[in-house]
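> Under my numbering, the first residue of the sequence shown carries the number -6, and numbering increases by one thereafter.
Think of the hints as simulated: they come from the structure by calculation, not from any bench. Values in this document were obtained by computation on a predicted structure and should not be read as measured data. By construction, the Cβ of each residue, glycine as well, lies at the ideal position given by its N, Cα and C atoms. Incorrect hints may appear among the rest.
Below, in silico cross-link-like pairs of lysine to any residue (SDA-like), each with a Cα-Cα straight-line distance of 20 angstroms or less [stated by the list, open to error]: (1) Lys21 / Val74; (2) Lys21 / Thr6; (3) Lys21 / Asp60; (4) Lys8 / Ile44; (5) Lys21 / Ile44; (6) Lys21 / Val7; (7) Lys21 / Glu48; (8) Lys8 / Asp60; (9) Lys21 / Thr34; (10) Lys21 / Thr59; (11) Lys8 / Thr59; (12) Lys21 / Pro39; (13) Lys8 / Val74.
Derived DEER-like restraints, expressed as beta-carbon distance ranges [stated by the list, open to error]: (14) Asp57 / Gly25: 13 to 21 angstroms; (15) Gly69 / Gly14: 16 to 24 angstroms; (16) Ser75 / Glu13: 33 to 41 angstroms; (17) Asp72 / Ala11: 28 to 36 angstroms; (18) Glu23 / Gly49: 34 to 42 angstroms; (19) Val7 / Arg76: 37 to 45 angstroms; (20) Arg76 / Thr6: 20 to 28 angstroms.
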Amino acid sequence: MILARVTGNVYCTVKHPALEGYRLLRVKPEGGGAELVAVDTVHAGPGDLVIVGNEGNAARQILDRTDIPTRQVIVGVVDQVSRV
């Protein structure tokens, strides 16, 4: 799992058929690193802090699709972070 910030939308004129009906968002990991493209399952938007599952099998289980060509899927919007 990755804590990331949504930086924008991804617009596609052509998508893999398994991705039809899903929104794709750009996310930037909070700890640094390259931006990723993630499938949105929680109606997140630009600026939201989100939890991203970064593993193909988890994405397939969450989306209930065996043919989905993705690793990253947004699984939650973070309301608050407490550091101890």
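> Please write out, lowest number first, the hints stated earlier that are contradicted by the structure.
2, 3, 4, 6, 10, 13, 14, 18 and 20
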